[in-house]
Structure formats: structure tokens, C-alpha cells
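Engineer: My request is simple: use the sequences and hints to build the entire structure.
Chains as they are written, first to last, in numbering that gives the first Met the number 0: chain D, 0 to 332; chain F, 0 to 360.
Just so you know, the hints here were simulated from the structure itself, not pulled from any lab data.
These numbers come from a predicted model, not from an experiment.
Some hints here could point you the wrong way.
[What the hints assert, rightly or not] Derived DSBU-like pairs (lysine-lysine); straight-line CA-CA distance at most 30 Å: (1) K133(D) x K328(F); (2) K283(F) x K274(D); (3) K135(D) x K295(F); (4) K274(D) x K360(F).
[Unchecked claim] To give a feel for the contact side, a few chain D residues facing chain F, derived at Cβ under 7 Å: (5) E152; (6) I155; (7) F157; (8) D158; (9) W159; (10) T161; (11) F165; (12) K171; (13) D205; (14) F206; (15) L232; (16) G264; (17) P325; (18) W326.
[As the list claims (entries may be wrong)] Short derived list, chain F residues pointing at chain D, Cβ under 10 Å: (19) E22; (20) R44; (21) A46; (22) Y174.
Note that CB positions come from ideal geometry on N, CA and C, so glycine has one too.
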Amino acid sequence: MKHRPVRVCLVGCGAIAEQAYLPSLSGLEECALVGLVDLDTARARMLADRYGIEHVFSDPSRIPDVAEAAIIALPNFLHQPVSCELMNRGVHILCEKPMSITCGEAETMVQCCAGNGVRLHIGQIRRMYWSSRKVKDILDREELGRVVSFRMEEGIPFDWPTVSGFFFDRSKAGGGVLIDPGVHVLDLLLWWLGDNPEAVAYRDDDFGGGIEAECCLDLAYGSTAGTVKLSRLSRLRNTYEIRCEKGAITYSPYLFDSITVQSRGKRRELSADTKTDFIGYFRHMLRDFCGAVRRDSPSILNAETVAPVMRLIERCYGKATRLDLPWLRPQSV
Amino acid sequence: MDIAGSQILITGAGGFIGGRTAERLFFDYGCRPRCLVRNLNKISRLARFPLPVVQGDVLDYASLLRAAERCDVIIHCAYGNSEDDELNARVTVGGTENVARAALQCGVKRLVHISTQEVYSKPRPAVVSEDSPRAPSGDPYGDGKLQAEYVCERYFRENGLPVVMLRPTIVYGPYAPSWTVRVIERIRNGSLVCSPSFTGTANPVYIDDVVQAIFCAIRSDDVAGEAFNVSGGEAVPWNDFFASHQRLLGIESPKTAGSGRLLLYRETKRLIKPVLDFLKNRYKEELLEVYERLRKRGLMPNMKAFMQKGNLLAESGTYASAAFFPIEKARRCLGFEPRTSYAEGLEILRHWLVHISLIEK
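Structural biologist: Okay, here's the thing in C-alpha cells:
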């Protein structure tokens, strides 16, 4: 049976809205984008005109009048208050990652969702990638045996066309590279290997500004140990290597549709039958959300399955020590 | 002038030299300089520190003036580095004019203008001292910086602006875009090799020595209106410069190409480029997909590297220049002394390359 489209408002008209949500919502038949919400109503109006969107508001409290769901694409510190305010009024939410800026806020969001009987999804889009699902499938089925170790590296000089610049304000972003893009990396790790790794050590380069640009984590699942290295300053290897008893998986965060598997001395590239680009995966995520709203179908982006990553991030920040960066050391003057 | 007690503005603080200067002011003097940036997405390095970041533009005089208010010192690092040569000229020359004007209006006690060795005329003599001739060379970067120096000199002459111009040579070090990051990237993709045609010498200077020269220029009296070479004081043959970077990456026998091969690279690029441009314009997406598939299987060369190799012959003019840029004037007038030898600089780079996972410990 064909369902009527879910009426949605997009809250926040910054870079992610312009570059990802608006193009992917355009022409998506499961979803009708009926309103844009932003304090900067001139910008919202400009985007609404471009995409033929009916309503423009500056105040999210007007959303329940016109829509049954909202996409929250606001600066991180607003994710929890705005999501909860709308859920309390019966609005289903798809919230951009990171879910919140603290673990406590994430828990509040999960409780608020349960208490109001609405859907709360978090935009951890990488879970939708063919490559991420393939890794999960191989690990769940123990095709290569038990995981022995992992090494995940992701780094590229930061060049996101931020409109508000909130990324560089600790009180608004919640942190630096660990919370973004680290939340993607750690969310996949937790999804693949389990929700409760021990954070053995966490080092970063925050010298009091509150926004670390590089960090290294040592994590352990019992005897399975691994490292995560993140950078906003340099291009790192940009691969995740997961070593198992009978082989290894190499995953690239920028290749959505293929992974490399090494076993019995041979390397094989596994690829999806059909290619999907970044916008295509946003559409998958939006369809998944609309399906959950209309049919109450299960989803891998449910807030409660995503929330544990916020616990891990908070634990890491709580035990931060300084990275050893000899080239930064003060010189005698 | 006392640096620790000064209010300092850095233009272009999101860039490499400006960013490192801000870090060193914080570490060495406990200063919190105002950091003027145009693009907020360029402040990842600065945001690690509790430094005031001011969004503004050297072409927007009002924003510049606000940033310069009550400043004792301006360190002017901003320049045009976009793809648009016309805009770059406006930022480099017009921006410097605005900075000079704002410095004058705010009564700053020192403006340090970051210039470049590229202002000197070519071909260069064996020794290029500060009074060697300057002339446009047709290189937009060097020509813009030369015009910016003329602006500074005019403001000094006509208004007594206390400006000092520094002319760094080949600035390298962690995160140095041109002479570290790009060199490493090109060696790794095979587009930068040694050559018997590269008979000249580089005058490398480690980034912290450039910053040291900036500090010396702030501290020194009686140097207004003067320009200074800033180098590490060593002449390193270009082939040694490239070979030492190759060794850092674990390439023990330097990769070399004779002049015939450089010519071959250039001519191949000349023939292939129009065909590639045509295909790219017509079948961009499809072509990229096929190319990536073939490249991953080792059936296609890295085309970016291939094209960059085609530039080597043109670059060999730079690498054949044996000019030495003495720093005696900076030593004498500013008390500047480089502290990081090239060998020490390479050792720091080795640590950094391990950190960014390009080499193993």
C-alpha cells in the first residue's frame, strides 16, 4: 500500500541543509518538505524560493501546525532542546549528528522520544553505506573469525563551508575533531564491535581553546585492542583496518560502495552491484525515516542505538591528556 | 618593543605563517594576539588555543580598522592565494594598502609585512642581498608581493609608517603548504624527482626561524622602512632538498630524470592535455568512474601526477638558480639568528610524518 508523503520541516539552513538535505529531499516522493526554519529568515526564504517550499519560519514552535516531522540541522548545542521541544508536541525527529553535546542530553532525548511515542532518528549516515553494512555483516557472521585488532584513521584539512562558524565554539559544538567527524568513526566502531569499549587512553591537542584539531584514542574490547586517530589538519591514511583471526578488512570512509577483504593470502575487493553517491545515501536515510514514521518499521538509526557513542565521547574528553607534538613545543626566546 | 606586553594583530592568521606566529606568541610570551581571518573554516589550528579570532577581510577597511584598534603591532601575513589572479592582486596589494592605512590610523608602533624572496628580479646573481634589484617576473605571487612592498615603502616615506619587511626564502616545516606538504605529496605520487638539470640551490628556512625573525623585527628599534632576507643561512642543492625528503619517505636511492626525460614529460602533457580536457568536459562523471576503476587495478597512471610531471621542465628554471640569500643584515640590525639547521628541521619533519601516518616509527 502506498503511504501519503510525510510532511516535514527542515530546521536550520546552514551548510549541511544546503549541500545535502535540500538536494536529497528534492523529488523524494516519501517526503514532502513543507517548511524551512531558521533565525536568518532571508537565507531561509532564498532557499525556500529555490526549492519551491511553502513555509518559512524563524520559530520551530510553529512546526506542528504544518508538519508531522522535522529534520534538525542546527548547531550541535541546539539538537537536544529543539528536538525535545518538538517531540513533546508529537513531532517525529531526524536529528543531525552528533546527537547532542553531552551524554546526559542524549539520554534525555531517548527518554523524551519514548515518552511521546514518536520516532527519533540520528543522522549517522555512514551506517547506511553499503560498505559499512558489509563490514557489519562479515563481523556479525564471524566470516573471518573473531576481531583481533583495529586501526582507524581519518583526517583531512577542515574545509567545511560553515555558515555560522559554530564548529569552533566549544559551547556550541561540544568539542572538536573527536565529536565531528569522530562521532562518525566511533559510531561505526560501536555498531560493528559493540557499545562498551574501554577507553584506555585519549590524547588531543586542545591547548585551552576547547576545539581539538587532532586526537588519538586507545580502545579495548577485552583482549581486542585498537587505535583511532583523527585530524582536521592533515590528510591521514583515511582507512579503517580491522584484523580478524582469519583475515582483515580494509574500509575507506570515502568509498561508500566497496571494501577490501584479505583472507587466505588473497585480497578481494567487494563492491555493491549498483553505485550510490552521497546524496543517494541521504535519500536512503530519509526514506528509512519516513518508513519508520509511516509504518513504524525498525531502523538502524534509532536514537537509542546511536546514543552509546555519546557516552564514549564524554568518557574520552573526561580523561584527555595532551598529544606529544614536539614541533609545537615552546622555544626559548 | 616588549612583545609580551603588546597588543598584536595578525592578518592571515588562518594561514601557515600567521597561524604558527599566533601559536608561538601564545607559547613563548603568553600573548593572546587578535587573529584576523576571512574564512572561519580555516581556523582549525587557531581554535586549539584560547585566542580571539576576528572575522574580517583586509579588503574590508571597516573590519580591518575594528580589528586593529588599540593594537601596538600588526603582523601582516594575509595575501591573495585563490585561483583568481586578479582577486589575488587586489588582496595582496590593496589589502596591504588597507593594512598600512589602518596601522597609521591606529598609531601602531610596528607593522611587520611578510614579503618573499620572489620580489627579486630574475635571473638572479650568485648573492642576492637586500639591495639587489627587484622587478616583476610575471609570477603573480611575486609580482603582487613586490607591489605590496612598494606600498609599504610609500607609507614609510610619506607618513613615517614604522614598517619592516621580511623576505623569507623557502619556508618548510610541519604543515608548510608549498615546500613541505606539496613536496611530500608530489614525491609520493611520483611527480617530483631529482634531475641533473636542477643545478641550483634552495635557501630553506624552518618556519620557527621565520617566526623568530618576526619577533626580532618587533623588538628592534631604528629599522623602520627596512627589508630583510630571512633564511636558514644554509644553501642546500635542490637535488639534496628533494632527495632528503625522498629519504624521509623511505626512498633511499633518489629518483632522477634527465633533461631529455623532462622534455618528454612536458611534450606528452602538451599532447594529452587537450584530449583529457575535452573528455573531462564531455563525459566527466562517466570518465571519472572508469578512470578510478582502472587506476585501482593499476591499469592507469595517476593522471594528476602525470600532469604535474609535465611541469618539471618549466620548474627547472627555479631549481637551476644558485642564488644565495645572505642574512647578514638581519643578523646585524635585528639580532636574528636561525636556530634550526636543515638537518634538525628534517628530523622534526620525520616526527611529524610519523604523526600523520605517512611513515612508520
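Engineer: A separate judgement is required for each hint: does it hold in the structure or not?
Structural biologist: Here is how each hint holds up against the structure:
1. K133(D) x K328(F): 64 Å, violated
2. K283(F) x K274(D): 16 Å, holds
3. K135(D) x K295(F): 24 Å, holds
4. K274(D) x K360(F): 38 Å, violated
5. E152: 6 Å, holds
6. I155: For I155(D), the interface hint is violated, since the closest Cβ of chain F sits about 11 Å away, which is over 7 Å.
7. F157: This hint holds: F157(D) lies near chain F, its Cβ roughly 4 Å from the closest one there, short of 7 Å.
8. D158: The hint holds - D158(D) has a Cβ within 7 Å of chain F, the shortest such distance being about 6 Å.
9. W159: Check passed: Cβ of W159(D) comes within 6 Å of chain F, closer than 7 Å.
10. T161: Since chain F brings a Cβ to about 5 Å from T161(D), closer than 7 Å, the hint holds.
11. F165: 9 Å, violated
12. K171: Violated: closest Cβ of chain F sits about 12 Å from K171(D), beyond 7 Å.
13. D205: 6 Å, holds
14. F206: 5 Å, holds
15. L232: Holds. Min distance 6 Å.
16. G264: 19 Å, violated
17. P325: 5 Å, holds
18. W326: Holds. Min distance 5 Å.
19. E22: 7 Å, holds
20. R44: It holds, given that the least Cβ distance between R44(F) and chain D is near 6 Å, below 10 Å.
21. A46: Nearest chain D Cβ about 4 Å off; hint holds.
22. Y174: Status holds, d = 7 Å.
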